[in-house]
Structure formats: structure tokens, C-alpha cells
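Q: Chain residues, written in single-letter form:
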Amino acid sequence: MAAKTDMIRLQNITKVYPIGKRELTVLKGITLNITQGEMVAIMGASGSGKTTLLNLLGCLDKPTSGTYCFEGKEVNGLTGEELARIRGQKIGFIFQTFNLLSRITALANVELGMTYAGGVNHERAKEALARVGLTARANHRPIELSGGEQQRVAIARAMVKNPALLLADEPTGQLDSQSGADIISVLKEMHAERNITLLVVTHDINIARNCQRIIHIKDGEVVTEEDL
Amino acid sequence: MKKRLKDIRIIWSTVWLGISTHKLRSFLTMLGIVIGVASVIVLMSIGNGSKENILNRIGSLGVNLVTVSPGAVSFGGVRGMPSQTSTLTLEDAEAISELPYVNTVAASYSSSMQLIASGNNMYGSVNGVTTDYLKVNNLNISSGRTFTEFEYNQGAAVAILGTNVKETLFPDTDPLQQQLRMGNIILTVIGVLSSEGDSFGSADNSILVPLTTMQQTVAQPRTANGGHGVSTISLEIADQSYADVVNDEITSLLRIRHEISANGEDDFSISSMAELVETVSETANTLTLLLGAVAAISLLVGGIGVMNIMLVSVLERTREIGIRKALGARDRDIWTQFLTEAAILTLAGGIIGVIFGCVVSIIVSHVAAINTLISPAIIIMAVSVSVAIGLFFGFYPAWNASRLDPIEALRSE
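These protein sequence lines map, in sequence, to chains A and B. Counting in my numbering, the first sequence runs from 1 upward without gaps. Counting in my numbering, the second sequence runs from 1 upward without gaps.
Chain A extracted, bound-state conformation:
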């Protein structure tokens, strides 16, 4: 097995949003490392800054100060275009609200995940959908699917390009407990199979317990880290 290297290294990361004339400091110097292949939960109350942290990790946003190394490469100074390339090729997102395009089929949504990652491959999209057990639903639109099914389409969309890092923001937040448990087990399987690094933001301790490590965040700072 490959040597365990740091996939993510955060050094004293801060994020400040200007709100009118005042400034709102959302992240107050976060330092943490995440090893390649780890499955980590980030927990915290709403407003604690965990979503902001996830956006920074996902290269959707840039920190105000501090350094962020992704796979050993510093990300801070990169242009929007280079960040987009990292998002497209290395990072998969799963959102609380699924964020599927409502007018196209499940399969087309999965293919959308490949559009900016080197090109669409029909067969691979079908395989990805089959992997989450939705072959029969391939030609249904999101509106015709249950919440759990929609989230599984979203997982297929994120996984179809074989990302190195999978970021899930409250993936079960809008699901009933049964579908939520299904989603978590799908995510765990994916993690085990593909040896990807998986970060789950949640405030559900039962979900967090499935991970190898839990990072607690409060008011923009890391409070505790516990290994399970």
C-alpha cells in the first residue's frame, strides 16, 4: 500500500468576510492535516464556520490568510482557472440539497460530473449509476426520484471522475434516518473501495461515528480532534 501522505495541510487559515463596513471573521486560524485515504468528520453548530472551511478545502473559495497545501502543492496563489482544474479533476462534492439539474435525467446529471474532468464517457457514467444501485432509474429526472435516490445520483456524479478527495456537506441533512443511513453506508463503501479521502461535515454524531476521526469546530477554531 502506498505511503500515507498528507493530502491536506492547513496552516493558520483565516477567512474574513466584509459585511458592509464591518468585518466578520469566520475562520480564526485553523491548522490541521488530513492524510490521504482518511475518512474524517467535521462537526460543529451552525455558524461555527464548518461550511466555510469545506468551501476552502474544495477550492471554491480562497482563505484570507494562511497556507493551504493540497497534495503537497500550495493552493493559495493559484488562479481561478487552476482552482477550477483542481475541482474538476481531484475533488468531488456532495451537497445537502443534492444540487442536481432538475431538467435532465439522472444519467445526464452523472455525465455532467465528467464534462469538466476530461470528457463524457457514457459507459462509465452508467457504471457509476449502477454502483449506487440506480440503473433502473437512469432515465428519470431528479423530480421523479426520492431524496435518498437523488443523493445517490449526486454521489455517482461526484465519484464518476475518480476524485482524490470527496467533500460531503451535511449529506443526510434532508433525508429521513433510513435513507441517511443508506447514504452513509454507500459513502463508506466508496471510501473503502477507492481509497479516497472523505470529509463529511455533519452535526449528527451518529454519522460522525462512522469516520476514523472527528474534528470539532466552534466559532471558527478547531476545538478538539478525536480519533476513533
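Hints are computed from structural coordinates only; laboratory data are not their basis. It should be emphasised that the depicted structure is a prediction, and the values quoted were computed from it without experimental measurement. Only true hints are included.
Cβ pair distances, simulated, as ranges:
| id | chain 1 | residue 1 | chain 2 | residue 2 | range |
| --- | --- | --- | --- | --- | --- |
| 1 | B | Lys-6 | A | Glu-81 | 16 to 22 Å |
| 2 | B | Arg-403 | A | Val-16 | 17 to 23 Å |
| 3 | A | Ala-181 | B | Arg-332 | 38 to 44 Å |
| 4 | B | Arg-403 | A | Gly-119 | 22 to 28 Å |
| 5 | B | Val-301 | A | Ala-181 | 54 to 60 Å |
| 6 | B | Arg-9 | A | Gly-29 | 44 to 50 Å |
| 7 | B | His-366 | A | Glu-81 | 56 to 62 Å |
| 8 | B | Val-301 | A | His-203 | 49 to 55 Å |
| 9 | A | Thr-79 | B | Thr-286 | 53 to 59 Å |
| 10 | B | Val-367 | A | Glu-144 | 46 to 52 Å |
| 11 | B | Lys-6 | A | Gly-29 | 41 to 47 Å |
Note that the Cβ used here is the ideal one computed from N, Cα and C, for glycine as well.
Since the structure of chain A is already known, use the hints to place chain B on it.
A: Chain B in isolation, oriented as in the chain A frame:
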């Protein structure tokens, strides 16, 4: 190269997704352009068709034709009406025929007279003409023949009828070799002219006789120096481009012959078909341009419609843009997507507009009996202008879309 091709395929599939999943909106975007392009095509084709029509009619009279007619003469400060007096003479015509670039010259003297044949009678215009008159004025004989040099010299009593005269005097019979009374002489019909249609100066309502024959019947005015007065001198020049040169030469020649002092006014006037053609073409071009401008405004309005709908589209698809960005779309991917979408919609609108416009202009030419002329240049222009409109008016919405912050965009409903 292969990567390029792949990029194009990705852009195409993305754009097609945008268009096909928003059919009504796409249709509305195209509609403005369709109507704009179609009206450009229809109006321009009507404009060009009318111009062609007028020029053809003029062309049937002969574009190399130059006509000299008597002008106004002043007697002691009282200016007479033009054409009432005869200042031109047969001798003038002979002198003009010696000028360079002049191919053929004909003179005619016309008068209105009563014509009687087998119980029918009418007032018609009688033209006493020289032998080359038919050639110069582009007149054709539909049956029979024209008079010969010999007949002309003899002052033979022969006549060639215009179609309307033939219909009135010989409605059911073949007029050839029939008798026709004009004033105090009996003419024999030797030919009938082809119909000219209702164009100006049409010979349909007149009969042609040798000028020498006419001189025997009608007392023609003599000018002061004893010349034989004629109503018009018409000449065919070698090429219409010589019209100005010939015009100047005739002017100086006639001024000398008519002994007009340096500051005196011309007692004749010269008009050439080339001049007329030019004037008419200019007028027709202005008209076509005006029609085109009106249509171009509707195209512009269509373009603004494109921008309008694209802006709404960007707003409505904010979340889609956020999702695409999260999935790795660069700003310029989004920009390309929306710009291409606008360009393809307007291109399609342009093509549909061209087809629609062509169909309408063909229908117009059949139903309304207006000539229409669709030139390929207009089609190419209309299509490229509509794509340019798409690019121009799609630019701002696409730029707006590309600059959206992905986090904000994902949060929008």
C-alpha cells in the same frame, strides 16, 4: 487537434442541453431574429425586384438611346412652351449623324390625325419617320415588314400600325395590304409593330409612315433658314458610357447650326436613357436602402430581445452555473457556454428567418404581382448579421454568468 475536437463536442453537448431543456425560451429568443431577418429578406427583395423591373422596362426602350427634342424659344421675352415650336430640322439630324460615337440617327415628325379604315375610325398619332427610326427606338415588327429605302425616297403611301391602332381599325381582320385613309391620302398597311406594353413613350397608339409621305400630307413648319422641321431626333450611340460626350457634342453642334449667341439659351433639349437609368437606379437604391433600414431596426429589436432573454436565462440558471463551477467549470467555460448558446440560437433564427423570408417573398411575387429578387448577398449578410447580433447581445449576459461566485450561486434558489 483531438483535444480541440473534444472541447467542441463538450461545448456543443452543454449548449444543446441548455437549448433543448428550455424549448419555449429558446423559441422566443429566436423569434425576434426570425422576424427581423425575414423582414430584411422580404423588403430587400421587393426593393431589388422593383428596381430590376423598372430598369428592364427602360432597357426595352434601348439604353443607348439619346433623344433630342425642341426646347423653349423666347420671342421678345415671352417664353413659348417647349415642343410647341419646331426648332429641329431634318438637316440637323443629318449633321448629328456625322458626329463620333453616333451609330444611327432617326428623325420623326408627329401629328395627331383622323384615321379611317373599313368603317372604323379613330384619332391617332401619326409619326413620319426616317428609315432607321425602328432600329434606333428598338421597335420590332410582329407581322409584315418595314418600308424600304426606295419607298422612303419615293414617299410611298405605306403605313406600319401600332398594336392598339390595329385593334381599333382592323379588329378581326388581317390588316396587311389593307387600305387606310389618313387625311387626303390612302395608305397601304405593310406591317404591324409588336406591343410595347404600357410603358411611357409606347408606340402602340401610333402609326408610322415615311417622313417623305408625311411631308406630302401635312404642312410641316419650315425654320428661318429653310430646314425641314421635325419633332424629335433620336439616335443610337455606340455605348451608354459615351452619353455625356455625345450630349456635349450635339449641344455645341446645334448651337452653331441654330446660331445661338454665347449667352443665349439652348432651343433644344437632350435626354439620354443612360441618364434616366442612372436616376432611376439611384432612386430605387435609396428606396431599397430605406426598406432595409426599417427591417434592420426590427433586427436590432430582435437582438435586444436576445439580450433580454439571455439575462433572464442567466438569472434563472444561477444554480446551474454554481453546480457547473463546483464540478470544475472555468469562468471561460461558462462564458463560452452562454455565448455559444446565444450565437447558435440567433444563427438558427437567422436561417429560419431566411427560409421564411424567401417563402414570403415568393408568395408576395405571385399574389401581389410585385417582382421580388432575392440576392445571395442579402442572405449571407442577414445570417452573418444575426450571428453577430447573437455574439454582441450575448456577450454581456455571458460575462455576467461567468463572473458569478460559485458559493453564492449554489446557495441561490
